[in-house]
Amino acid sequence: MALADQTVLQFFPLSTSLSAKVHPLVIFNICDCFVRRPDQAERVIGTLLGSLLPDGTVDIRNSYVVPHNESSDQVALDIDYHHNMLSSHQKVNPKEVIVGWFSTGFGVTGGSALIHEFYSREVANPVHLTVDTGFTNGEASIKAFVSINLSLGDQQLAAQFQEIPLDLRMVEAERIGFDILKTTAVDKLPTDMEGMEATMERLLALIDDTCKYVDDVVEGHVAPDNTIGRFISDTVSSIPKISPSAFDKLVNDSLQDQLLLLYLSSITRTQLSLAEKLNTAAQIL
Amino acid sequence: MATAAASRSFLQVAATEEAVAPPLRVVQIEGLVILKIIKHCTEFSPALVTGQLLGLDVGSVLEVTNCFPFPIREEDEEIEAEGANYQLEMMRCLREVNVDNNTVGWYQSTLLGSYQTVELIETFMNYQENIKRCVCIIYDPSKSNQGALALKALKLSDSFMELYRNNEFNGEKLREKNLSWVDIFEEIPIKVSNSALVSAFMTELEADSPVTQSDYDRLQLSTNPFMERNMEFLIDCMDDLSMEQQKFQFYYRNLSRQQAQQQTWLQKRRAENMARKAAGEEPLPEEDPSNPIFKPLPEPSRLDSYLITNQVSNYCNQINSVAGQSFSRLYLMKALHEN
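Protein chains in written order, with the working numbering: chain A, 1 to 285; chain B, 1 to 339.
Just so you know, the hints here were simulated from the structure itself, not pulled from any lab data.
A virtual CB, placed ideally from N, CA and C, is assigned to each residue, including glycine.
Be a bit skeptical, because a hint or two may be false.
[What the hints assert, rightly or not] Have a look at the derived ranges for each label pair, beta carbon to beta carbon:
hint	chain 1	residue 1	chain 2	residue 2	range
1	A	Arg269	B	Tyr252	21 to 27 angstroms
2	A	Ser51	B	Asn98	27 to 33 angstroms
3	B	Gln258	A	Thr270	28 to 34 angstroms
Looking at chain B on its own, in the form it has when it is part of the complex (with noise of 0.2 angstroms):
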């Protein structure tokens, strides 16, 4: 798809920019990049730490190939200015070097995979108000010490992003969309391209040792801590759920016990107004909006049931690839044992 759209002139692509852009489909990162995003994640780990990405947008594949870290942020207003300052320093810089200046989105580091939070969402809209097309990529340093290389990109779904922007996340509106807790993250995949001159290198300085670091990682026995804190994680959000479950029950409880009063101050009126007519009185009118019985109840918003709902299963999908892991060890344990 890139080299198609890269063979036609450049005024045929200039003509064609006001079509609708097709939609993402892949990241591709270079390695770069994810060396950046490492150093700089577990190096301040396990405090949260945020990046920018830097790249271009080329057809359905967004092209990361740079980013720069952001310095750890006080709550103060006056570092407000700093951190613009910052950046904007940065950009320059970079651009004076012939590295690509086009923002394309941020990196987090996240801890256990925690990290689906109303901030998160805020951030996309901001970002999504000035760029087309950025992308959030999310990585987990503690699950990467266990041998797995823990990058996601992720990116709201455009449905999610049209209601949240119109703030309308009540019940109708979701069922009308049809619009679950899944779908409001996509995950994109990501494909990671390097220079011939970085492989090149790389090639020649890959230690010729049969075993790699990443083997001993992945070999250790002790997952136990890790499992630990997953379900520790888990239970506190299980604890959240059911707070939210108790908002809505209580909602709905207040909301039928306001219909059923709605309807005995209708029946009286009723019964008012035939009485009225029986005496050749105006009737009075069937509503009254300054009674308070009347007054529309505010319905809880879903939007956090929504994030905590995504964060469990996020939690259940951990344990259940490293019970996984756990279960190829110890069966190899096992076998070895035998011998």
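Next comes chain A alone, as it looks inside the complex (with noise of 0.2 angstroms):
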């Protein structure tokens, strides 16, 4: 399910283009933090860091919890700690700001609007995300907000929370593998040569895919999509032609480079342990 194009529901036009991205350890932080919120706490909030983009989308990259207390009809946040911990986070990295704050719990609750205002003083147009760690709809529904302010005249009458688009941005999480974050234990990190395996099976799979569409439209199973069949022209052409001759002198030198590499690297070895006899074994008569 891709999470990506998320409709966003208006009653009124949105002012500004206002997206926003999450990287993946910001859901990991949360999903722990809720993991370890104190016992009588149904849900727990905290800050958003992150940078505004020159192109006006709104990148979440780090997040911390605050201790808060929520009855029926009041909240209280320990501001104080969230000062010390912002504090903190910025004598590491002072390019990250607060953008916005989460809360885990599926929807916009009344205390949330109290807390949207708090985060509204500490910087403009801050951006709510919730994380539904209920599963509530059977699904994992990531949503980010922002506050726009529904006035009468002069009267503040509520304030309405809109959905914005949101990106997950799991490029990181790809780079390590979702194999080792989707599971609850990994026995052993994959080597360099299990990942390149996968990745030659993953490459092989592409192909046949490829080759057994192309198959499918000659022969007339599959109506044929003048976009894909572009695309994979393109794909096709993109290979540098090269006469044979040329391209096999091409491999056969990279091959060379590597094999006195790791002859280089061999000889080096053996040195190593040359010397290290050497050194240890000399007596001192």
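From these two lone chains plus the hints, build me the complex, please.
This is the structure:
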């Protein structure tokens, strides 16, 4: 399920085309804080750190939880803690500033409006991120909101939370590999070769799929789609046209370079063991 | 092993506290910690950064459940206190939100695997005084750009620590303990664990595309810059190594020359004593500690050469693995072209 294409619920058109990007670290942090919450708290809230990108999107990169007390009619937030953590984080990375706040649980509650007001004093137009840890609708819903003030004339009526498009950038998570992050326990970190193997298998599967598709289209099983056809022809033609002999020479040269490096490294290893023998075996007569 | 420990009652565990702790076999890291380490190290790469690891020490497993980064320290004395304050502040804040407040080690980023320095050993010794078991996690952002997760957990071996503490780093003791350069650092296997909530989220959020970013990284054909830098570092290290060897040669030459001098002096003394005995006088002592040729020469420490050897072997390993990957890629290209 692709969460990248959120439908934006709009009652009024948004004046600014604000959208948000979330890094996987933030989700991990929020889940970890939720698991460690004190027993009487139903949800956790905290601050979101990040930066405002030049094209107007809010890049949410880090987060920390803030202890709070919530009862039916009032909300108390540990402001000192919030400022302490903020200054500590900024010592490490001064570019990360407050961009909003998060809370677990589905939807926006009354207490959230008060908290949102507090955060809007810290930063202009904070983003409110809800992470549904209860999986209320049977799915993991992560939504981002900004608050628009509804006013009638001069009087403030209410604050309306409008959803903004959210892009979950999983690039870093993909780099590590979802296999490590998905399961509850991984026994061994995969080595380079295993990773290479997995990648090549995936590449092979992709090529097989493409061939199958082309075959199907040629035989008339599947209706041809011009855009896909153009993509395929672009991809195939992007392989540079080199004559076979030149290509072989290229490959062989690279192979030889790598072999040379391997040889050098084995010589170095031999030298190391020799040097060690000489150093420690010398006896003082 | 961890479950067996959990099934004993608290009293039993407290009673057996005096027993020797089982050796550390596995480091269990949470996905959160990995992501944090990667974020911190890649943000500041190529500068080298460090941070603190927090977690629990359970039986033969060291669990790392959280971490926080250290700000970049200036080399100024008055900022030392600030660094300590920052650490205390972070620990206090994290304890308020029920994060494990127990330091179990530290992490640091490295450049192409050149992390074996004397500073690392000193930091280890410092930590070891306060914590029973600590581990150092090394992350290499430049290697991870090639598509592999270059994360290692290191610990000093016990025999090495003993020697270092007593400052007995000379040839005799090393031969006695049979300690060679491979025995300085011990690499501990890493296990990754995630809470069920997080794994549920990740399973949902995993993009459906059949190819991921790690594949793009791995299939990149240009590894030349990486290899070039590796070779440069290797050559520098070999230069250092040959310098260390020269130091040893110098030492041995001086030692043998000193011994020859001692022998001639002894001969002269003996001849003198014979003459005195013949003349009926007291024989002179056969040793003369005030004579400078009897002064013991200081043996150069072998620690540096061991560390350099470690680094060189590290570079060689890296070159080997990257070359291996390049081979696979080249053959893949060849096969594709033929088709």
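(request) Against the earlier hints, flag every one the structure doesn't satisfy and list their numbers going up. (result) When the structure is compared with the hints, none of them turns out to be violated.
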